[in-house]
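J.: Sequence:
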Amino acid sequence: MESTSDAMMSETTEKTCQKRPFSEDDDSFLDTTSDNDSEEEWVPESKAAKKSKRVTAEKMVTIKKKIKSELGSPATKKPPVKKSARKTAVKTTRKKTAEKPNVDQVIMEKLPVLNNNEDILSSQSKQDAGSMKQKGEPQKTSARVKKEIGHCQVKIEQPSTSMQLNESEIKEESVSFTWEEPALKKQKTEKNPDGKPVKLQRGNVEIGDMQMNWNVVQMLSERTSTEGWVCANLIQLFKEENTIPFIARYRKELTNNMDADTLREVQQTLEELTAVIKKAHTAVQKVAKQDKLTPFIKASLLNCRTMEEIEHVFAPYKVGSTKTKAQKARQLGLEPAANLLIDRPGELNLNLYIKPNVKGLSNMTEIATGIQHILADMMSKDRDTLDHIRKLCEPNTVFIQSTLTKATAKEKDGNKKDTEKFRLYHDFSSSIGNIHHHQILAINRGEKLKILTVKVNIPDRIKNMFCGWCINERWRPRGFARPELMKLLKDSAEDSYKRLIYPLLCREFRSLLTSNAEKESIAMFGRNLRQLLLINPVRGRVLMGIDPGFRHGCKLSIISATSQILYTDVLYLFGQGAHNAAERLRHLLHKYSCTTIVIGNGTACRETESFFADLLNRKYFAPLDVVYCITNEAGASIYSVSPEAAKEMPDLDPNIRSAVSIARRVQDPLAELVKIEPKHIGVGMYQHDVSQTLLKATLDSVVEECVSFVGVDINSISEILMRHVAGLNASKAKSIIEWREKNGPFINREQLKDVKGLGPKTFQQCAGFIRINPENIKNFVNNQQQFDGTTGCQTITGDSKIKPVGKSTKKKGKTEITSAQPTILDQTCIHPESYNTAMRFLSFIGGNLCDIGSSAMQNSVNAALRNNSIDTLAQKLDTTVPTLQMIIDGLKQPRDYDIRAGFEQRDFKRNIVSLDDLRSGTVLTGRVDNATLFGVFVDIGVGRSGLIPIRYITAAKLPASKRRRSLGLGPGERVEVKVMEVDRARNRISLDLIRVL
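First residue of the sequence shown: 1, per this note's numbering; consecutive thereafter.
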């Protein structure tokens, strides 16, 4: 009789669970034991149950022995399982099950027979086994779905999707690939047919040993609008610790020619997904430690794709948090009633749950409220339900509003200055699709200062549509439900939306808006910094740098054409000493043949500029033709007191060091600005309102990109600049400098391998960005046979290859350097891994290494390209098109080629324009000083930068090459503008963009 009732209960449970849209595993809330404990050390309620369980375990051991013998595997004789050793036997059986997957498979094939012919499963075990077929529980890819057989667990592999797969779909998928071994995919594009085969991730994705129920490649592709095969390649490249400059220049065939900014965006998105994965698994571990982890909770956490979703699911399990209403209701035993309302509403009788002496079960109202809380919790954690409510919000307009806080509005003499800064947002409203990034950052700042109150408004019609969808579709009862039960279901949907889902949506909208605003602001910082670092250097001039000041005078320095300090002083240009200062300046300019003056834009800049403009108008420095320029001195004072400055200029006062830095910023902006922490350079807006970690990582990456793409001469570069070459850091740069000081200059790139701490990976990343200039090593080479005057030129034959260079031999900690020969390709951007391909190409065109960068080489390359397409040449040389293009560029470019030559140059002036000279409609030429999310500041030479609002920067006014950027303009670019309005009271100038020069 008992066996019959168990079978009936199992059959009923299976029918019910096939239709339920949620997991029954929430039953764990009814007790305080963990899922793991219930599997390993289940305490039965009766002796009969104990006996049944013990016999079942013994039967399973016998069954497994029998199957092993059928498979031909030797059966090891085991002692009988004793009562006291039951738990050990269970663990041993599990271990053997995991070690012998073929035995498990046979067991699972025999399960239907065992279930029909032997009483192995108890009634509770059958109910648990059948409940895994519930409709709402997501299936897991490569996840282990457990079925209990006594104390032994058999693990089944099932595919994972958020929706049920029919048998034909599963069969079709299993034919094309297996979950354990993804098929190889050729990484290629239409123009690049040859690519590197890599394994694409399918099914569950792994970050280390961590798995999620979604595919990281697909998710990365969706969030960055990048092709899936490119994302798969980038994941592998970043995993192998390749740098962005190296990938952007030497791995174009794997990234579909992505630029550095796009690569950086993909990398940041991948890091966000990795953080989500790590946090989800951390949450799983924390819940498991509390003995509350169930398959349903684990699946919910592993389904999460954002931090907000993880917080939503994990909130009830945080240390110190109170139990949720749903948890309390489950502990009262009301979850079966909630399940019946969905599965078999006709069988639900709430009167059976009334217990007058139990709080929460004393009457029908309390019971209905408890069931409502359970259903609301299920709805709020169901993946399909959350996806549907998000889709409902997409076509509807969701608003974000900000108002003054009540406390701020009541203040009479409070912080009026701070409150006035946010006057535009005292009563502000905008749709989340139209609000600008800078507005989000401003609202967030006001909210942080407790000046503004911010809220998200979602239209009520979304609530009505959502509740109707829940009642009629997703959570519709599987049978006739009485009106009072339908009312309970409707109340549950409304409660779930109002109390749980609506706050989650508001947090998601705010988080998404803030994240996008921060990313755009940081991207603007990066673009501005790049424009500033890549300004064309002023070479071959002696410069006078001036750090203006009133009380403490103007600090002055004169530097040579090679950045050597020639003279320093302090002059007082204002007041009674102005005449003597002018005489002193004329003497210095003539003595050092200096015709260029650089003035910092700090305090007293306007007055200093007027002083020099007056002298130039009177031709005071004749016969010298002296000009001057204004440069941004942001960060100069911070650098002047830094350890690097003290090491570089130990004998100078910090105030004088700032004047030296100002002059060097014009002579070589890249070499000087890398000495300063990027965030102190003063480009961009809302610097303190964004993630400081992300900002620092982005700016450091931009500096590394600029230094690497410009290239450095390893025999003349400073240690500070060398730190920013791709693949290098402070310790490796120090090792290179020490090797250079000990062994003399580097003769070729291969000698980098002799430096302590530089392994193959570091060499691969940095070698292509390092140059060897023969002019810098001729004077240091003692053996002329080791370094010939032809700088490594070779005659090219059909089988020409780069000959092996000098190698190092290590004996008991000592390194002996053999003689090295120079290679002229070390002066180009061609990577050493492509040297042999470059030699084959030279042989094909009949070129000579000595002709690199000359017109003869350019003519030879152009002739070869006229007769053969670059795709054909790439196939003949057994290489990729991007690699061949890089070789062609390296051979055609002059040996002293500098990518900064195509960027903006400094504007030098001889006179000054005042603010009083400006009128509406005046057309001027200026240079972009800073770019923000709301507009661009332009220096028009009147001592005050004018603002071009973002609404005036249209695509029609920008060159085609700049239209893809958010604003299209960056620091240093020359523009033609028209004065729209001059507010002399506030010193504000409004400009309109005419064109980019």
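Bear in mind the hints are in silico, worked out from the structure with no lab data behind them. Be aware that one or more of the hints could be misleading.
As the list claims (entries may be wrong) - Here are the computed lysine-lysine pairs in the BS3-like style, where the Cα-Cα straight-line distance is at most 30 Å:
{"#": "1", "residue 1": "K239", "residue 2": "K909"}
{"#": "2", "residue 1": "K448", "residue 2": "K696"}
{"#": "3", "residue 1": "K421", "residue 2": "K448"}
{"#": "4", "residue 1": "K909", "residue 2": "K957"}
{"#": "5", "residue 1": "K355", "residue 2": "K448"}
{"#": "6", "residue 1": "K239", "residue 2": "K278"}
{"#": "7", "residue 1": "K490", "residue 2": "K325"}
{"#": "8", "residue 1": "K519", "residue 2": "K679"}
{"#": "9", "residue 1": "K909", "residue 2": "K876"}
{"#": "10", "residue 1": "K325", "residue 2": "K421"}
{"#": "11", "residue 1": "K647", "residue 2": "K498"}
{"#": "12", "residue 1": "K325", "residue 2": "K487"}
{"#": "13", "residue 1": "K742", "residue 2": "K421"}
{"#": "14", "residue 1": "K876", "residue 2": "K761"}
Please read these numbers as outputs of a predicted model, since none were measured by experiment.
J.: Could you run down the list of hints and mark each one as holding or not?
T.: We went through each hint and held it up to the structure:
no., hint, result
1, K239 x K909, "51 Å, violated"
2, K448 x K696, "22 Å, holds"
3, K421 x K448, "14 Å, holds"
4, K909 x K957, "26 Å, holds"
5, K355 x K448, "49 Å, violated"
6, K239 x K278, "16 Å, holds"
7, K490 x K325, "18 Å, holds"
8, K519 x K679, "15 Å, holds"
9, K909 x K876, "55 Å, violated"
10, K325 x K421, "43 Å, violated"
11, K647 x K498, "63 Å, violated"
12, K325 x K487, "19 Å, holds"
13, K742 x K421, "59 Å, violated"
14, K876 x K761, "29 Å, holds"
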